[in-house]
Amino acid sequence: MGLKFYINGTVGAKDGTLVSSGSMTSPIVFDGMYPGASGSQVSKTIFIRADDGETWRDVNVQFKGSTSARFEYSSPSSGFVTNYDTNTPQVILFLPKVTSNNISFVVTAKSLSSESTSPDTSVSLVAWGWQS
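Residues in the sequence shown are numbered consecutively from 3, following the working numbering.
Hints in this document: simulated from the structure, not taken from any laboratory.
Remember, it's a predicted structure, so these values are computed and weren't measured experimentally.
Hints may contain errors.
Stated by the list, open to error - Subject to a maximum C-alpha distance of 30 Å in a straight line, what follows is the list of computed DSSO-like cross-link-like pairs (lysine-lysine):
1) Lys-99 - Lys-66
2) Lys-99 - Lys-112
3) Lys-16 - Lys-6
4) Lys-99 - Lys-6
All chains should be modelled from the sequences, with the hints used to inform the complete structure.
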């Protein structure tokens, strides 16, 4: 039960590759930014959907981790992007309703010229809301 993220999907469909949760077997990879130059960035389309038969309301999607401020959302197929978070000045994607059909949004990751070529695995993409 729950909300899951996918890559390589289609808006409105039930397809795509399930993104791994902690195992790094199928992570979201933002490659091609190194060696980093100030302003280097890569964008990826991500999909979210609920398990079959579930509907979630007031869903918030957020990056959590020490470098999460380097990620931005844009172009959601539903919902909107807000800057509201009482704990940290961070952008949250708000989706009024998530069903078992894919909703897309674009995530842009940015790197700094001072970063090494090591992958940053400290950031997680999380979602929460109310199941109805």
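Violations among the numbered hints: When the structure is compared with the hints, none of them turns out to be violated.
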